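Taken in order, these protein sequences are the chains called A and B. Residue 1 is where the first sequence starts when you use my numbering, and the numbers rise one by one after that. Residue 1 is where the second sequence starts when you use my numbering, and the numbers rise one by one after that.
Hints were generated in silico from the structure; no laboratory data involved. Remember, predicted model here, so these are calculated numbers, not experimental data. Treat the hints with care, as some may be off.
Across the chosen pairs, the derived CB separations fall in these ranges [claimed, not checked]:
hint	chain 1	residue 1	chain 2	residue 2	range
1	B	55	A	12	45 to 53 Å
2	B	67	A	16	49 to 57 Å
3	A	68	B	8	34 to 42 Å
Far from chain A, by Cβ distances over 12 Å, these chain B residues were calculated [as the list claims (entries may be wrong)]:
hint	residue
4	13
5	22
6	58
For each residue, glycine too, the CB sits at the ideal point set by N, CA and C.
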Amino acid sequence: GAVVSQHPSWVICKSGTSVKIECRSLDFQATTMFWYRQFPKQSLMLMATSNEGSKATYEQGVEKDKFLINHASLTLSTLTVTSAHPEDSSFYICSALRDRVAYEQYFGPGTRLTVT
Amino acid sequence: AQTVTQSQPEMSVQEAETVTLSCTYDTSESDYYLFWYKQPPSRQMILVIRQEAYKQQNATENRFSVNFQKAAKSFSLKISDSQLGDAAMYFCAYRSGFGGDDKIIFGKGTRLHILP
Numbered sequence: 001g002a003v004v005s006q007h008p009s010w011v012i013c014k015s016g017t018s019v020k021i022e023c024r025s026l027d028f029q030a031t032t033m034f035w036y037r038q039f040p041k042q043s044l045m046l047m048a049t050s051n052e053g054s055k056a057t058y059e060q061g062v063e064k065d066k067f068l069i070n071h072a073s074l075t076l077s078t079l080t081v082t083s084a085h086p087e088d089s090s091f092y093i094c095s096a097l098r099d100r101v102a103y104e105q106y107f108g109p110g111t112r113l114t115v116t
Numbered sequence: 001a002q003t004v005t006q007s008q009p010e011m012s013v014q015e016a017e018t019v020t021l022s023c024t025y026d027t028s029e030s031d032y033y034l035f036w037y038k039q040p041p042s043r044q045m046i047l048v049i050r051q052e053a054y055k056q057q058n059a060t061e062n063r064f065s066v067n068f069q070k071a072a073k074s075f076s077l078k079i080s081d082s083q084l085g086d087a088a089m090y091f092c093a094y095r096s097g098f099g100g101d102d103k104i105i106f107g108k109g110t111r112l113h114i115l116p
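Start from the sequences and build out the full structure, keeping to the hints where you can.
The following block contains the structure:
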């Protein structure tokens with residue numbers, strides 16, 4: 001089966017610093033990847049859609065300058081949380097679209113971000 | 001805009017019994033996909049079952065089956081012979097058909113408890 005990895009799985013950073021989260025499709029090419037945020041006991045909230053070689057499409061209410069997304073290759077998308085604050089602490093999940101017609105989407109294991 | 005509603009925040013079922021999780025959705029589209037995802041304590045999203053709207057036959061995957069009522073915009077998940085490993089959050093999700101938006105819209109989830 002298709003595998004999507006995320007790195008790191010858990011990160012603690014200090015307020016004001018930036019942190020980068022990687023999402024990789026290990027055994028397939030993904031032209032489209034998605035980034036979600038999940039608060040405790042809540043559903044997944046789509047933050048942005050990332051397309052290889054083009055600018056990400058952000059959902060309404062998501063700060064583009066705070067959550068920088070780069071989809072530089074067909075197997076890697078990155079989410080950088082800039083000038084992190086405690087309210088950015090959350091669980092971030094990426095997913096990768098393997099087949100747009102059949103709509104096969106695979107999720108990464110998530111990254112827990114804690115900002116102190 | 002499409003919406004997905006799960007009206008049962010939590011449910012419990014005795015081990016080996018059958019349980020049904022409810023989901024309704026709203027859309028003006030005629031071509032779309034519906035999914036049930038499982039999120040166990042590990043928080044890895046796992047696809048349980050998918051249904052293409054154009055298919056009248058209800059999807060089945062081993063102990064998991066759906067009751068897809070297109071006119072009523074209802075998409076319930078039935079879990080037969082419940083097992084302890086079925087304990088998780090279950091999310092109902094919607095995606096537009098091919099040519100439409102690639103993103104998935106999730107419901108708020110139902111937490112399923114399995115009683116030994």
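Hint check:
For the hinted restraint 45 to 53 Å between residue 55/B and residue 12/A, the CB-CB distance of approximately 46 Å keeps it satisfied. At about 51 Å, the beta-carbon gap between residue 67/B and residue 16/A stays in the expected band of 49 to 57 Å. Restraint check, residue 68/A to residue 8/B: a C-beta distance of roughly 38 Å satisfies the suggested window 34 to 42 Å. With a minimum CB-CB distance of about 20 Å to chain A, residue 13/B clears the 12 Å threshold, and the non-interface call stands.
Distance check for residue 22/B against chain A: the nearest CB is about 15 Å away, which clears 12 Å, and the non-interface claim stands. Residue 58/B, annotated as away from the interface, keeps every beta carbon of chain A farther than 12 Å; the closest lies near 18 Å.
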